[in-house]
Every structure is written in C-alpha cells, then in structure tokens.
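Chains as they are written, first to last, in full-length UniProt numbering: chain A, 1 to 332; chain B, 1 to 556.
Treat the hints as calculated values from the structure; they're not laboratory data.
Mixed in with the good hints there might be a few duds.
[As the list claims (entries may be wrong)] Partial list, computed: chain B residues near chain A (C-beta under 7 Å):
| no. | residue |
| --- | --- |
| 1 | Ala-203 |
| 2 | Leu-434 |
| 3 | Phe-437 |
| 4 | Tyr-522 |
These numbers were taken from a predicted model, which means no experiment stands behind them.
Glycine included, C-beta positions come from ideal geometry on N, C-alpha and C.
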Amino acid sequence: MGYHLRKVAFYLAALWAAVTLNFVIPRLLPGNPVDILMAKLQQRGGSVDPAARQAYETLLGTGGRESFAVEYLAYLGNLARGDLGVSVSAFPAKVSDVIGDSLPWTVVLVGLATLISFVLGVGLGALVGWKRGTWLDSLVPATTMLSAVPYFWLALILVALLSSGLGWFPLNGGYDVVLDPGWSPEFLGSALYHGTLPALTIVISSVGGWLLGMRNMMVSAMSEDYVLTARAKGLTGSRVMVRYAARNAVLPSVAGFAISLGFVVSGSIVTEQVFSYPGIGSKLLQAVQNNDYALMQGIFLVITIAVLGANLLVDLLYGLIDARTRDRSTVS
Amino acid sequence: MTKKLTAGLALAGLIVLFGLIGPLLTGDPATIRDIGLTSPGGDHLLGTTITGQDVLAQLTHATRGSLWIGLLVGVMATVLSGVFGIVGAYAGGVVDEVFSLFSNVMLVIPGLPLVIVVAGFVPADQRGTWTISLVLAITGWAAAARVLRAQTLSLRNRDYVAAARVSGEKTWRVICVEILPNLLPILASQFVFAVVLAILSEAGLSFLGLGAADSSTLGTMLYYAQNGFALQREAWWWFVPPGLIIAVFGGALSLINFSIDEIINPELRNKVKRRRDVVATTPVVAPADDAVLTVSDLNVVYRSATPVHAVKDVSLTLRRGEILGLAGESGCGKTTLAYAINRLHRPPAEVTSGSVVFDGADVLALSPEELREFRWVKLSMVFQGAMNSLNPVTPIRAQLQDVLRTHRPSMSSSDREDRCAEVLRLVGVDPARLGSFPHELSGGMRQRVMIAMALLLEPQVMIMDEPTTALDVLVQREILNEIKRLRDELRFAVVFITHDLPLLLELSDSIAVMRDGEVVEYASAEEIYLRPQHPYTRQLLASFPSLTGERGALIR
Numbered sequence: 001m002g003y004h005l006r007k008v009a010f011y012l013a014a015l016w017a018a019v020t021l022n023f024v025i026p027r028l029l030p031g032n033p034v035d036i037l038m039a040k041l042q043q044r045g046g047s048v049d050p051a052a053r054q055a056y057e058t059l060l061g062t063g064g065r066e067s068f069a070v071e072y073l074a075y076l077g078n079l080a081r082g083d084l085g086v087s088v089s090a091f092p093a094k095v096s097d098v099i100g101d102s103l104p105w106t107v108v109l110v111g112l113a114t115l116i117s118f119v120l121g122v123g124l125g126a127l128v129g130w131k132r133g134t135w136l137d138s139l140v141p142a143t144t145m146l147s148a149v150p151y152f153w154l155a156l157i158l159v160a161l162l163s164s165g166l167g168w169f170p171l172n173g174g175y176d177v178v179l180d181p182g183w184s185p186e187f188l189g190s191a192l193y194h195g196t197l198p199a200l201t202i203v204i205s206s207v208g209g210w211l212l213g214m215r216n217m218m219v220s221a222m223s224e225d226y227v228l229t230a231r232a233k234g235l236t237g238s239r240v241m242v243r244y245a246a247r248n249a250v251l252p253s254v255a256g257f258a259i260s261l262g263f264v265v266s267g268s269i270v271t272e273q274v275f276s277y278p279g280i281g282s283k284l285l286q287a288v289q290n291n292d293y294a295l296m297q298g299i300f301l302v303i304t305i306a307v308l309g310a311n312l313l314v315d316l317l318y319g320l321i322d323a324r325t326r327d328r329s330t331v332s
Numbered sequence: 001m002t003k004k005l006t007a008g009l010a011l012a013g014l015i016v017l018f019g020l021i022g023p024l025l026t027g028d029p030a031t032i033r034d035i036g037l038t039s040p041g042g043d044h045l046l047g048t049t050i051t052g053q054d055v056l057a058q059l060t061h062a063t064r065g066s067l068w069i070g071l072l073v074g075v076m077a078t079v080l081s082g083v084f085g086i087v088g089a090y091a092g093g094v095v096d097e098v099f100s101l102f103s104n105v106m107l108v109i110p111g112l113p114l115v116i117v118v119a120g121f122v123p124a125d126q127r128g129t130w131t132i133s134l135v136l137a138i139t140g141w142a143a144a145a146r147v148l149r150a151q152t153l154s155l156r157n158r159d160y161v162a163a164a165r166v167s168g169e170k171t172w173r174v175i176c177v178e179i180l181p182n183l184l185p186i187l188a189s190q191f192v193f194a195v196v197l198a199i200l201s202e203a204g205l206s207f208l209g210l211g212a213a214d215s216s217t218l219g220t221m222l223y224y225a226q227n228g229f230a231l232q233r234e235a236w237w238w239f240v241p242p243g244l245i246i247a248v249f250g251g252a253l254s255l256i257n258f259s260i261d262e263i264i265n266p267e268l269r270n271k272v273k274r275r276r277d278v279v280a281t282t283p284v285v286a287p288a289d290d291a292v293l294t295v296s297d298l299n300v301v302y303r304s305a306t307p308v309h310a311v312k313d314v315s316l317t318l319r320r321g322e323i324l325g326l327a328g329e330s331g332c333g334k335t336t337l338a339y340a341i342n343r344l345h346r347p348p349a350e351v352t353s354g355s356v357v358f359d360g361a362d363v364l365a366l367s368p369e370e371l372r373e374f375r376w377v378k379l380s381m382v383f384q385g386a387m388n389s390l391n392p393v394t395p396i397r398a399q400l401q402d403v404l405r406t407h408r409p410s411m412s413s414s415d416r417e418d419r420c421a422e423v424l425r426l427v428g429v430d431p432a433r434l435g436s437f438p439h440e441l442s443g444g445m446r447q448r449v450m451i452a453m454a455l456l457l458e459p460q461v462m463i464m465d466e467p468t469t470a471l472d473v474l475v476q477r478e479i480l481n482e483i484k485r486l487r488d489e490l491r492f493a494v495v496f497i498t499h500d501l502p503l504l505l506e507l508s509d510s511i512a513v514m515r516d517g518e519v520v521e522y523a524s525a526e527e528i529y530l531r532p533q534h535p536y537t538r539q540l541l542a543s544f545p546s547l548t549g550e551r552g553a554l555i556r
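Between the sequences and the hints, there should be enough to build the whole structure, so can you do that?
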C-alpha cells in the first residue's frame, strides 16, 4: 500500500470510530435523553408526534426496543443523508443548519490562529535552538509557562486589560451587530477586529508547545553530519540554519500536528465561550446547557471530521516534505 | 541537580503543601459573611468573594481538589498508556498493530469535545470526581502511549533484552525488570504531562459548569468568580489567584519535565555561548615553496571537566598534488586535527597554539566571513560519516547547487546545472541522479556524490576522513582508484585519514602516523614501509594479516 492510500485508510478507520463512538455514548451513559428532548420540544411548541420521537430515538437509542444493529443501520442511514435531527435550542432549525452557520467562524478563527502559532513557534524555536547559549534561551521557559495558563483565564484577563481597561478591542461577539453579515469590507473588517483577541489568546497559549518541540529538534539536528557538511561547504549561516538544520528539525513538529491540533481545538471551545464568539464551540456549550443532545452530537461529529480532515491534509503534506515516507513500505 | 529541577520541585512542592496543609489552617470556605468583595488585607489575606467567603480558604480547598483530580487522572492515564504502549510494542505482531491503531485513533479524536459530550449526557448529580477523572484519563492517554511504544520498540531490540528473552525469562519479568527501569524517565515525564493536562482540562470543564458536582476545584472557583462578575467589579483577588496557581503549578511541572528531558537527552542542556574557537596562535613560519598547506605545532584541547589534549604539537606540510596519509587508531585525534585545519571543531574544543597556513594565508586568523569564503573554495572535505553527510530531505541537485549559489553567485542557472552534471560524471555517477534523494542511492553512490561535491569548486586541497570505511571492499577499491585518477587529472592535494595503514602505503606519497594526539612518525610511504622507525608504526604494520594469512608479513 502506498503512503497516501495508507493514510486515507487510517483516517477512514478513525472516522468510523468517531461515528460509532457518537452512536454508542448516549446509549451507554445513564439518563434518558429522548424523554428530555421531547419535553423540551413540547415547551418550544414543536410537534411531539411519534415521528419526532422516532427521529430522536434513531439518534440517541430506543431504550432496548430495537436491536443495536437495527438502530446502528438507521443511524448510519441518517448520517449518510446528512440528517442530524432537529435542534431544540434553536427550534425549529435543523442541526445541520445551525452547524452550517457557525462552522465557518470557527474554521477561520482556529485555522488562522493555528497557522500563526505554528509559524511563530517553529520560527522562534529554530532561532532559539540555533542561537543556543544566548538570551533567547529564556524564551523556552517563558512560553512554556504561558502554555500552562488555562485558555479561558488568559482570555478573561486579556479582555479585562485590553478591552475593558484600554478599550482597544471589543468585549465579545464575532462582528459588529449593526452590520449585516456578508462579504462587504465593513463586515470583514469588523469580523477581523472582533477575532483578534480570541486569536491572540489561542496563539499565546499554543506557541510554547511548537517552540519547545522545534528548539529540541533543532538542537539534535545541529549535531547531524549534514549540518557539519553544510558548514564545511562555506554556506552562509542563515542558509545552513534554514535549509539544513530547520528543514529537518521541523519534520517531527509536522508529524505531531495531530496532538497539537487537538489541544488547540479544545482550547478554542472554551475561548469562544468567553468571547461569546458565534462559532461552533459556543454552540456546543449552548447545546450542552440546554440538553440539546441532537445538536451536541452533530457538533461533536463535525468537529471530529474537521480535525481528522486537517490531520489528513497535514499527513499528505508531510509526504511532500519528506521524500523518505513515500518510499517506506511500513508506517511507524 | 540542575537549577531548573530545583526550582520546579520547590514550586510544585510549595503548591502541593498549600493544598495539603492549607485547608487545615484556614477556616470553612463556605461560610457566608456580609462583607462581600472586601479587598485583601486584615482578617482576609486574599479578600472575600461576593458572598463574603474567604478567598484564601477557598483557594486552599480548590487547590487540594484540583491536585487530587490531577493525581487520579495522571495515574490512570499513565497506566493506560503503559498498557497500550509498552505491552503492545513488546508483544509485537497483531497485538501491536491493533494497540497502535487504537492509540492513533484515540489521538486524532479531539479530547475536550468528547469529554464535553460525555459530561453533557451524564446527569449532573451523577457527575462525580471519579467519573470526570475516568473520562479525562480515557481521552488523555494516547499521546503518551505513542511515545512509550517508540521507546519500547527500540529497547526491545537491545542485546540485554534479547538475552533475557532467549534465556527464557517470563514476559512480565522481562517487561518489569529489563524494560520498565529504562522507561522510567519517559514514564515520569508523561505522568507529569498528564497531571498538567488533567488539571487544565478539569479547570476548563468546571469553568463551563460541566465539572464534577461533588468537588471544589480551581475551575469551579473560577466559574463562580466569573458568574459573580469578579473582573467587571474589579475584584481581581477573587479571579486572579486560582488561575495563577494553575499556571505556576503547570510551569513548575514543565521545569521538571525539562530536566527529565535533559537527563534523557544530555544534548538539550543549555550551553554557554561558544567562546572563540582559536585561543592563541604562534607566529607563522614561512612555508616551503611548493607547500599548499602547512600546519605547525598545532595544539587542540577539549575544555571539558577533565581537559583532553587531543592534538599535540602537530606539524605537517602538504605539497601541491601530494597525497598525505594520516594513520592511527580511533580516538588518536586525527579527525580533530582534520576539523581544526578547517576550523570546524566545535566547543569545547579549542586551538590553543600553533598555526595553519594555506597558500600563504593564516587560516587561524581569518574572520568568520573570510573563513566562510575560504571553506570549500580552497579546501573541501569528504567526511567520515559520508552516509549521513547528505541532507536527507532535499535532492542531490539542491545540495550541489547550494555550493555554487553561495560561492559563484554570478553563475547562471544553466551553467550551475551543467557543472553539477559534470562533476557527477567525473566520479562515475549518472547525471540523471541529480533529482534523486540520498536514500535512493547506494552507499557507494552517496560517497561518490560527496566526492563530486568536494570537486565542485576545484579546491587545491581535499581532506578525506575515512571516506571508504563503511563500504565493501570492491566499492572501496573503485573509489580509491577514482581518487587517484582525479588527483592525477586535476592536481589537487589530498589529506587522507584512515586507520588502515596498508591502504595508505599503496595510496599516499607520504604518511604521518598519529598516536594519542601526537605524530610519532612522518615520512614518505616508501620509507615507512621499508624502514619503520617508531615501534608503534611497526606494531600497526604487524597487526594486519597478509593475503597468505601470516601476521606481519605485509604483502599487498
């Protein structure tokens, strides 16, 4: 099996595991989600006919009336049709619509913040490793300390200092509410302005991990023979650092992207909550607080798929930047 | 013990003590008084909450709660990662495949969303400390398992583990006695990491109102502070301390982890900035007329705890077109000497005296920029580890072109390509190989590429450090013939370093025999073969068997 095929197969397996987990969790845990949902639906003035009940039972379990296999097939069938049920907290909106509205916010926020954090962390880490023994060394404990700060705490402190205190940034939200969402420059500018502080929180908290990993790999790479050869070749210092040492040292950071992305996504959920950001993380918490199980499950599934997709992308990219992986017959 | 470890242990210890003893010394954290939001001072060292509860008392209880959950999750996650990482890797085969696939799947499924969903389904009154800890452990072990697996795989193949298995020791015994002790540093660092992660995740969950119902942690404290609008009311003493405790504890554990990393990999330790690589030089002696490289009285010392005098008063003269052999066993200082000539030696090595004159220029006096311009243009090298001397992630072309790009900036790109193809042809490698990556070439081919690279700028001198040691005899022979032919064609001089004295007798014009950093004998190859003067030279010659098998009768 080729490298690419193997990677795709792995992520399909992971996707199947996530989908199945999503199916199993509400059935194994205590509580009676379907009854709660039906009660909520009634409060909201939705129709509580047997069809509505059956839709939720497909999602959350029939309480033993049907066999697991039948339920599982029905559940997979619904998923395949993109039918994630009806949200009770945003009644009568469908779960897929609620997700569709909030997902872009999170993808842009988390995507940009992760990219900035990666570039910054890897760049600084390469420099710190290269210039070992200078004042730059102190960046390592400093940024690691920042990674140990809870995201939400940092976010609230930043809001208190920069928004409430200095008035530089808006307190919360994803855009100025007087504007109509769209592609107008005013709206995009407002979205950018509102997104700065949440993004800053994510970058500050996650940059330390990249920096430390890169610095350590850089130190190892610098004692490699090919770096010595590069120096003997009389190449300029910056060329040896970038093309030889850093080019090799960055590989484990890219390979370990999955772990880091998991942290960032987790942190951004809490960050979104702090900023009342109109993203999928806020929606997830809203769903949990309102016992909107259908929305909760839909969001978990979508977040997982997004993370798996991003990881697959990075793994395929890894194949491009390290030719050796493409030729290796087994994956380690 | 390093400063980092001391600081980390002290800080972490203080916070643990604070959580253990603090609750005994402070009052009931739940007592409500009518002095809401009193600022710190007097009876309430850290002020009060909105309902007049003592913040310090709350902080001690919350710290205890958070530490307890951290410990629970740390232990559970470490056990899980041990089972899936160590046992899987040790068992190998299908078990390893399945465990590894499972770990990787768990790794890519984002943790906190899963925890939130699970916490969302469990009714609040059933969400206890153990439930939350278990869920956090289940979602947090996978990364550690991957690290442990990699390490176990490498340990598993070590000789002493193989010996234990062959001698029929039981599996659990091999794992516990032979493997676990070697994994301890990694286990410790993964445990520390799991504790930090658990405290952070729990704080996040509690802050969202999804934490354990029966516990008070730093996260629940922050939850109440936020819902009491602590920051908006400028009651920083209520909101800041819990976060600070988490940050300081996390930071302290990170410091401990740094130290563990440095124990595992001593290279990572911070080093003092490189001092000068040349401490002192001796005045340059006028070199002989046809000499291209003159080394006089060169001394190199490794400034470690016990200084090692690696090169002692070495003097050599290399004439144009000459092949000078440098012989000696490993550790005799020949590689250090070769590096010092090009000033490639790294700290703690220092040139303490002597001079290196290349074509009239004092190499030891060159500025860094002059040195960079000198390297490869005048003197190129083929290294001992030629197998690893090529950058594994870029094609051969880029590595050859780098040299031209730097030293011949005015060269057009088509000229560069032509020149690269030309040198490859010189060493007998098909120029079509320019697009290949190092791992796609055989060992002999990589060595030829290295020699081609050394020829790129037509240097006057080439230093070859054991260029053929790792190759089989036939390839070795071909490459040596190639070097001789190229030398005759292009008239560069060679310093050829090897432990193989018979090879030098055949290849070189003159030979220097090194022992413990000193040149004990330096004469023409013929002289050394026919009339070796130093007992060590005779010993070296005698230690190689002849083709007829008699020791000491060297016939090639």
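Hint-by-hint comparison with the structure:
Nearest Cβ of chain A to the Cβ of Ala-203 of chain B: about 5 Å, under the 7 Å cut. The hint holds. The interface hint given for Leu-434 of chain B is violated, since its Cβ lies 14 Å from the closest Cβ of chain A, which is over the 7 Å cut-off. At a threshold of 7 Å, the smallest CB-CB gap from Phe-437 of chain B to chain A is about 4 Å, leaving the interface hint in force. A distance limit of 7 Å between C-beta atoms decides the matter here; for Tyr-522 of chain B the minimum to chain A is near 25 Å, and the interface restraint is violated.
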